[in-house]
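The listed protein sequences derive, respectively, from chains A and B. The first sequence lines up with residues 1 to 154 when you count with the numbering used here. The second sequence lines up with residues 1 to 726 when you count with the numbering used here.
In short, the hints are calculated from the structure, not lab data. All C-beta atoms, glycine included, are put in the ideal place defined by N, C-alpha and C. Treat the hints with caution; some may be incorrect.
Among the chain A residues that face chain B by a calculated CB cut under 8 Å, a handful are [claimed, not checked]:
no.	residue
1	L12
2	I15
3	A21
4	E39
5	L43
6	N55
7	G58
8	A59
9	P62
10	N89
11	Q91
12	V93
13	V100
14	K123
15	V126
16	Q127
Partial chain A-side listing against chain B, Cβ under 8 Å, derived [said to hold, decoys possible]:
no.	residue
17	Q45
18	P47
19	R57
20	V60
21	P77
22	V82
23	Q92
24	L130
25	I132
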Amino acid sequence: MNDIKTADPAALELIAFRVGAQEFCVNIMAVCEIRGWTEATALPQAPRFVRGVINLRGAVLPIVDFAARIGLPSTEPTARHVVIVIQINHQQVGLLVDAVSDILTIHDDAIQATPDIASELVKEFVQGLLPIDGRMISLISLANVLQTEEVLAA
Amino acid sequence: MDPMQAIKATFFVECEEQLAELEAGLMAMESGTHDSETVNAVFRAVHSIKGGAGAFSLDELVRYAHVFETTLDALRAGRLPSAPATLQIMLRAADGLADLVRVARDGGTADAARIAALAAELAALINPGGPISGAALSVPEGDIDDLDFEPVSIAVAEAAPARSWKIRFKPHAELYAKGNEAALLLRELGRLGAMDVQLDSGNLPDLTELDPEGAYLSWNIVLTADCEASAIRDVFDFVEDECELEILDTAQAAPAPPQAEPAPEFDVMALIGKAQAASRQEQPPAPVAPVAVAPVPAAAPIIPPPASPEAQAGAESTVGATIRVDLDRVDRLIDLVGELVINEAMLYQRSIEAGMTRASAVGMALEELERLTHEIQDGVMAIRAQPVRSVFQRMPRLVRQVAAQTGKQVRLVTEGEATEVDKTVIERLADPLTHMIRNAIDHGLESPEGRIAAGKPVEGTVRLHALHRSGRIVIEVADDGAGINRARVRDKAVQNGLIAADAVLSDEETDNLIFLPGFSTADAVSELSGRGVGMDVVRRSVQALGGRIVITSRPGLGSTFTLSLPLTLAVLDGMVVTASGQTMIIPLGAILETLQPRANDMHALGTDLRLIRMRGSYVPLVDVGVALGFRSGPVEDDGVAVLVEGESGARSVLLVDAILGQRQVVIKSLEANYRAVPGIAGATVMGDGRVALILDVDVMVVQANSSTHAAPNGLLNSERTLAEVD
């Protein structure tokens with residue numbers, strides 16, 4: 001995908017997804033695959049936002065309920081929900097979201113800073129805001145999604 | 001990994017194989033079950049290590065290997081008899097070589113004094129009168145052929161009725177590609193007699209056209225030696241397909257002068273050849289094989305390089321058709337095949353749900369698919385399997401050492417070395433086996449006097465036997481000693497506070513006391529005539545492998561330790577249970593029994609502790625659903641109780657909702673993508689594609705027992721004795 005924009009190193013390709021009425025996006029380079037929801041096996045002593053683990057072609061993949069992770073009510077997943085498998089450092093994690101909505105190509109100038117009035121939880125995850133066609137899409141920083149300290153503290 | 005590192009890694013892998021071959025060969029020679037090929041194989045092993053080490057500038061290794069090689073060469077040439085004492089030194093020297101290889105690979109420093117002493121011992125073998133200092137080790141590589149300790153006397157050379165051979169040797173590129181070295185071959189040839197080597201560099205192209213991996217040089221050699229053509233051919237035995245070789249008998253045509261003018265290009269080589277030829281001729285001439293090598297006709301026709309069947313058979317048996325594959329790739333393949341099996345099962349399930357019968361065309365095709373996938377699974381698992389031979393091979397040396405230390409005569413009998421088991425299991429088998437064999441000799445076998453008094457042969461026997469039994473590997477270590485002295489074991493256990501003084505134990509229970517952690521104490525080592533040194537360590541490491549160990553002992557006839565291990569660490573025998581609606585696996589190895597508890601057997605103690613009465617003793621009860629936080633309190637009492645034992649021997653009862661069955665599961669890591677979860681040992685994928693968690697019985701037992709404070713060590717004194725007294 002670099003060949004399209006080699007002239008513009010500041011260009012970003014993002015995958016946008018919906019959780020409730022809100023829209024978020026992640027860097028497409030971090031996304032391994034997108035799959036439908038399958039029932040997860042609950043883990044003991046797990047924080048509320050960890051739905052459990054599923055089998056991803058023989059590997060055990062933890063599923064993070066993204067809504068619960070950012071403080072919204074937990075998702076009641078159906079077969080229409082999707083899991084975005086993302087790579088964070090050496091680990092793979094599945095993000096449970098309502099739907100994938102868009103693939104965006106933007107220039108990083110378009111990213112606006114998160115307002116200061118946002119809560120700590122939001123600031124922890126939201127790297128910046130993107131105004132696209134009148135919508136507001138939050139760019140997610142993935143590093144904190146399943147951080148051990150967070151998990152233990154939760 | 002950069003290419004050089006990769007090549008180096010391959011070299012070390014090969015070293016391990018060469019070392020194993022070296023030891024196996026030496027041991028075969030020691031036991032007298034060898035042929036001439038064994039000696040050659042031993043020599044080649046050391047030679048290959050030396051060659052590879054030279055390429056990586058591992059000087060210390062090269063020097064030591066060289067001394068070793070020189071001595072082995074004497075052995076090969078028959079100048080050094082293969083006496084038991086000699087082979088003992090060689091076996092120790094092989095140990096030293098292995099140490100040096102490991103130091104070269106892993107870093108650190110070798111015990112220089114020991115290495116020097118070993119080298120000196122080796123050197124002394126072929127030069128009994130000479131100075132046996134460690135000086136041999138300090139000789140630089142360039143001079144190594146001077147290390148031959150034979151007295152050199154040039155004058156004798158003329159006396160020999162030598163025949164003259166004209167040899168043309170033109171290596172192909174493949175010869176070099178296979179790691180052979182023309183100089184070494186020429187040097188080897190020089191050992192047959194006086195030699196004059198002429199380099200023919202006529203084919204050498206300009207530097208710009210030169211292929212660095214090509215072969216352009218050839219040599220014309222005039223060899224004056226009292227040998228047959230076959231002896232010359234033997235030198236080129238391993239390369240004859242990769243070179244042009246012409247051997248002409250020139251004896252009648254034009255006898256070459258015994259001391260040919262040294263060729264200017266190969267001055268050194270010729271000198272070495274002459275010096276060595278001279279030294280060889282002092283030896284009685286090597287017995288010429290009574291092969292019908294017809295006297296070479298006067299016309300001296302070229303003897304074509306024969307495709308000697310023996311040579312090829314020999315090459316096949318030593319090389320073997322193997323490939324090296326990265327373990328990660330195999331593991332990935334195993335993962336995928338496991339997934340294939342699960343998918344196949346799901347597909348079958350769906351087809352049944354869709355109304356297909358087994359007899360329908362789709363049903364039959366699926367059945368075929370099922371058979372195929374299981375065959376693939378077996379085949380893939382077999383890739384990782386290796387014979388236990390590699391571990392068993394280390395034991396004869398251990399037996400010799402311990403026998404020497406204890407002054408006992410011991411014969412080791414091994415059976416079933418070809419039994420295959422997963423590589424990871426093999427790697428972790430050596431320690432427990434070492435311990436058990438040491439124990440069998442040290443504590444199991446009587447002293448020679450004791451054996452005579454008991455009417456047994458002076459030589460004790462330790463039997464090591466591997467076999468497959470019901471999907472597991474069973475290894476027995478049996479001795480024909482005195483058996484366990486149960487009275488002493490019992491006294492010791494009472495003395496150490498492991499059992500009550502009035503405890504009533506069966507013979508079997510008494511025997512198993514030696515596995516208790518508190519049993520082995522320092523003074524027990526010297527005092528105890530039975531067993532018990534560190535057997536708790538053995539049991540722990542066996543249990544860590546998912547195995548069990550039992551002992552059977554008959555007074556006066558000996559004891560047998562039986563180890564039962566899973567064939568692979570990637571697979572676990574588990575009991576499938578449900579707790580709070582979750583499917584879980586309890587490792588079968590930890591389960592002692594299952595039972596249907598009665599409500600009036602369960603007793604509450606304090607606020608949140610419950611005990612269950614089992615045959616008179618109280619065992620802490622763990623509700624799995626509650627312990628893992630899936631529910632807050634006990635809901636119903638009609639669950640199933642599973643009595644489990646942790647690695648320390650502590651027990652508790654796990655309460656689950658139902659038992660679904662038993663099956664082998666493939667262990668998956670939770671940590672790879674998540675983190676370790678207390679109480680959970682891992683996860684697995686079930687036939688329906690869902691993940692099931694594997695309980696960590698040990699953690700659960702320890703938690704249960706530490707919260708009860710009822711059984712501080714969780715040992716027999718709290719449970720078993722209560723049971724017996726009751």
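Hints, one by one, checked against the model:
1. L12: Violated, because the Cβ-Cβ distance from L12 of chain A to chain B comes to roughly 26 Å (cut-off 8 Å).
2. I15: violated, 20 Å
3. A21: A21 of chain A check fails; min Cβ-Cβ to chain B is 30 Å, beyond 8 Å.
4. E39: With a minimum Cβ separation of about 7 Å from chain B (threshold 8 Å), the hint on E39 of chain A holds.
5. L43: holds, 6 Å
6. N55: holds, 4 Å
7. G58: Hint holds; G58 of chain A Cβ to chain B Cβ min 4 Å, cut 8 Å.
8. A59: holds, 7 Å
9. P62: Where the cut-off is 8 Å and the nearest Cβ of chain B is about 4 Å from P62 of chain A, the hint holds.
10. N89: violated, 11 Å
11. Q91: holds, 5 Å
12. V93: Holds. Min distance 7 Å.
13. V100: Cβ of V100 of chain A sits 21 Å from chain B, so the hint is violated.
14. K123: violated, 25 Å
15. V126: violated, 24 Å
16. Q127: Interface hint status for Q127 of chain A: violated (23 Å vs cutoff 8 Å).
17. Q45: Interface hint status for Q45 of chain A: holds (6 Å vs cutoff 8 Å).
18. P47: violated, 11 Å
19. R57: Nearest chain B Cβ about 5 Å off; hint holds.
20. V60: holds, 5 Å
21. P77: violated, 15 Å
22. V82: violated, 18 Å
23. Q92: Holds, because the Cβ-Cβ distance from Q92 of chain A to chain B comes to roughly 5 Å (cut-off 8 Å).
24. L130: violated, 29 Å
25. I132: violated, 32 Å
In terms of the numbered hints stated before, the structure departs from hints 1, 2, 3, 10, 13, 14, 15, 16, 18, 21, 22, 24 and 25, listed from lowest to highest.
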